[in-house]
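Next come the chains, spelled out residue by residue.
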Amino acid sequence: MPLESLLPAAPFPNGIDHYALGGVLVGLGVVTIYLATAIAPGASTFLESTLSYGSSLSRLDRYRASRDWRVVFTLGIVSGAALYTLATGGGAWVTAVAPWRLLVGGVLIGIGTRLGKGCTSGHGVCGVGSASSTSFVGVLSFLLVAIVTAQLAMAAGVSP
Amino acid sequence: MSAADPGEVVQEHDQHPLFLPVVFLGGLVFGVGLALSEMAKPEVVLSFLQFEDFGLLFVMFGGAAVTGLAFFGASRVLGTAPLTGAYYGRRLKSLDRNVVLGGGIFGVGWGLSGICPGAAYASLGIGNYAILWGIAGMFVGAYAQAYWRSSPAVSGTDATTAD
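Sequence order for the protein chains is A and B. The first sequence runs 1 to 160 under the numbering used here. The second sequence runs 1001 to 1163 under the numbering used here.
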C-alpha cells in the first residue's frame, strides 16, 4: 500500500483548536496538582491503588499510601467531563464501539499500563514533559502498536 | 514506582487540609480538557490511530509542553511544594523490558478499543455508560498482573526491576 493512501487529504478535518486547548487544560490539571504537592499524577495507577482497598496482594501494597488521593483525582476527572457536558448543553453521549472491544481492550490496557509503568497521561504527558527517556520509549511502544492494531482492525472490517 | 516518587510518601495523617481539594481541582481541569478535546470519545481516538485526524497529537504534546514548563521551572526556581513539603522533581522511571512489553500490550488494547485510563474516566462524565465495559476490563487486567507479580517466584527474580 503506497504511503500516500494512508495520509488524509486534510490532516485536521475537525480543526486543531479544541484539541490544542484540551491538551493545554489536561496539562494545567497536572500542573495544578504538581505545583501544590510536587506529585506528577498519572491516571492508570488508580487501577492498582483502588484494588488495594479490597485485596491484600503484595504487589498492591505499595499503592496504599496514595490510594485515597487517586480516588479523589479520578472523581475530579469524571466531574470535570460532566461539568463540561452540562455547561455546553451537549447531553449524554454513548459510544458505538462494541462492548467486546471495550472489554478486551480494557483488560489489555489494565495489564499493559501497569506492567509498562504508565499510560497516555503518565508517560505521554507527565513523562514526556519530564523529558524522560523511559517515557519516550513507552510512548513510542504503545503508539506504534496501537496504530498497527487499529489499522489491522479496520482492514479486517471490525466496526463499530 | 520508585521510592523517590512523592506520591508514595504522602501519609494520610499528615496531609495538609487543602491536599485533597487541590487534587480534586486538578482532576476537574484534567477532565474538562479530556472532554473538550474529545479524547473521551473512543471514535475520535480511533480516527487518529487510523490516520483520519491527527488532532490527538496536539492533545498529548500540548499537555506535555505545559507540564514540561512547570516541571523544569519549578525544580529550578522553587524549593519544596507547599502542601506536602516534597521536593519538586521530574517524572522519571527506570527503563527495562517491562516498559516495552507493557507498552506493547497497552498499545494492542488502545488500538482495539480507542480508550485509555484517564479518557475512560472522563467518558463516564460525558454520560458514556458503555465505557463501564472498558473500565471493568482495566480493573481485571490490573488485578491479573498484580496477582502474577505478587507470586514469590516472580517477585523473587524481579525484585531489582520493580517499578
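FYI, nobody ran anything at the bench for these hints, they're computed from the structure. One should not assume that every hint holds.
Not the full set, but computed from the structure, chain A residues with beta-carbon under 7 angstroms of chain B [what the hints assert, rightly or not]: (1) F12; (2) T37; (3) S44; (4) L47; (5) E48; (6) Y53; (7) G54; (8) S56; (9) L57; (10) S58; (11) V71; (12) L86; (13) I109; (14) F142; (15) M154.
From the three backbone atoms N, C-alpha and C, an ideal C-beta is built for every residue, glycine too.
Outcome of the hint check:
no., hint, result
1, F12, "6 angstroms, holds"
2, T37, "5 angstroms, holds"
3, S44, "4 angstroms, holds"
4, L47, "4 angstroms, holds"
5, E48, "5 angstroms, holds"
6, Y53, "12 angstroms, violated"
7, G54, "9 angstroms, violated"
8, S56, "9 angstroms, violated"
9, L57, "4 angstroms, holds"
10, S58, "5 angstroms, holds"
11, V71, "10 angstroms, violated"
12, L86, "10 angstroms, violated"
13, I109, "4 angstroms, holds"
14, F142, "4 angstroms, holds"
15, M154, "5 angstroms, holds"
Checked against the numbered hints above, the structure violates hints 6, 7, 8, 11 and 12; every other hint is satisfied.
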